[in-house]
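**Q** Here are the chains, one letter per residue:
There are 2 protein chains.
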Amino acid sequence: MKKVKIYVTLKESILDPQGSAVQGSLKKIGYEEVADLRIGKYLELTIGETTRDIDTIVKEMCEKVLTNTVIENYRYEVEEA
Amino acid sequence: MKKVKIYVTLKESILDPQGSAVQGSLKKIGYEEVADLRIGKYLELTIGETTRDIDTIVKEMCEKVLTNTVIENYRYEVEEA
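If you're matching them up, the sequences are chains A and B in order.
Oh and the first sequence: position 47 is 47 in the working numbering, straight run, nothing missing.
Oh and the second sequence: position 45 is 45 in the working numbering, straight run, nothing missing.
Simulated from the structure, these hints should not be mistaken for lab results.
Please read these numbers as outputs of a predicted model, since none were measured by experiment.
Where is the CB? At the ideal position from N, CA and C, for every residue including glycine.
Incorrect hints may appear among the rest.
What the hints assert, rightly or not - Estimated spans, in silico, between C-beta atoms of each pair:
| no. | chain 1 | residue 1 | chain 2 | residue 2 | range |
| --- | --- | --- | --- | --- | --- |
| 1 | B | K64 | A | T69 | 32 to 38 Å |
| 2 | B | K59 | A | R75 | 23 to 29 Å |
| 3 | B | T56 | A | E77 | 26 to 32 Å |
| 4 | A | R75 | B | K28 | 21 to 27 Å |
With the sequences and hints as input, model every part of the structure.
**A** And the structure:
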């Protein structure tokens, strides 16, 4: 069993209206020091026994289903579970 | 300037229908080895000069605005930017 942590972020050049809205809210309640805020996704997968290569599977899943590679970047970590 | 990375996850006891749906989709296209999948949020904040303690600010923001502590857990990392 492996535990895979995937971090999905919007590319730098892509506007993040959700992040801007949250940053605006924080500013209103007194957190002016927040200069930038961007929101992404964090996925935790548990992967069972498989004969396939774990990196290959994770990359395939990210590119087919889990992320939109046109506007998003991803990185991942694999841990023994 | 500090860069803060915040990871927000649903508590273990809370159902994650979004994660289950994605896991179902992965299974359908041939990734049966995915035993569990949970989806959380990943926030990247840039925090400018402040006289306040960074840990205090981040915890306050998480508990007031960024997370719902009834159903979510969070952890964070602070890096020099």
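**Q** Next, verify each hint and record whether it holds.
**A** Quick rundown of the hints versus the structure:
1. B:K64 / A:T69: 32 to 38 Å: Distance hint for K64 of chain B, T69 of chain A holds at roughly 34 Å.
2. B:K59 / A:R75: 23 to 29 Å: Taking Cβ atoms as reference, K59 of chain B and R75 of chain A lie about 26 Å apart, which means the hint holds.
3. B:T56 / A:E77: 26 to 32 Å: About 29 Å separates the Cβ atoms of T56 of chain B and E77 of chain A, which means 26 to 32 Å holds.
4. A:R75 / B:K28: 21 to 27 Å: holds, 26 Å
The structure shown violates none of the earlier numbered hints.
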